[in-house]
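Residue numbers (numbering that gives the first Met the number 0): 0 to 77.
For the record, the hints were derived by calculation from the structure and aren't laboratory data.
List time: in silico BS3-like cross-link candidates among lysine-lysine, alpha-carbon distance up to 25 Å:
| id | residue 1 | residue 2 |
| --- | --- | --- |
| 1 | K46 | K69 |
| 2 | K22 | K72 |
| 3 | K69 | K22 |
| 4 | K22 | K1 |
| 5 | K72 | K1 |
| 6 | K46 | K72 |
| 7 | K18 | K46 |
| 8 | K22 | K77 |
| 9 | K1 | K46 |
| 10 | K18 | K69 |
| 11 | K18 | K1 |
| 12 | K77 | K1 |
| 13 | K1 | K69 |
| 14 | K72 | K18 |
| 15 | K77 | K18 |
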Amino acid sequence: MKNVTIYSTPTCHFCHAAKEFFKENGIVFTDYNVSEDSARRDEMIQKSGQMGVPVIFVDNEMVTGFDEPKLRKLLEIK
Numbered sequence: 000m001k002n003v004t005i006y007s008t009p010t011c012h013f014c015h016a017a018k019e020f021f022k023e024n025g026i027v028f029t030d031y032n033v034s035e036d037s038a039r040r041d042e043m044i045q046k047s048g049q050m051g052v053p054v055i056f057v058d059n060e061m062v063t064g065f066d067e068p069k070l071r072k073l074l075e076i077k
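With the sequences and hints as input, model every part of the structure.
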């Protein structure tokens with residue numbers, strides 16, 4: 000099983016879409032709310048160089064935004 004982490008905020012439409020995609024496909028994921036957790040926000044920026052969300056990691060592969068085709072490929076979902 001791949002390790003999936005999403006850095007998100009409660010008001011981000013694409014964050015909600017990504018999390019719904021994971022749930023619909025039975026993908027277990029860790030969700031960090033970077034609007035409330037400054038340490039995780041700093042971690043996200045350090046790892047990705049991005050200030051925007053969502054930032055998603057599938058193992059060590061980074062996906063910025065909700066890029067469904069890339070996520071399907073990384074997660075081996077048809």
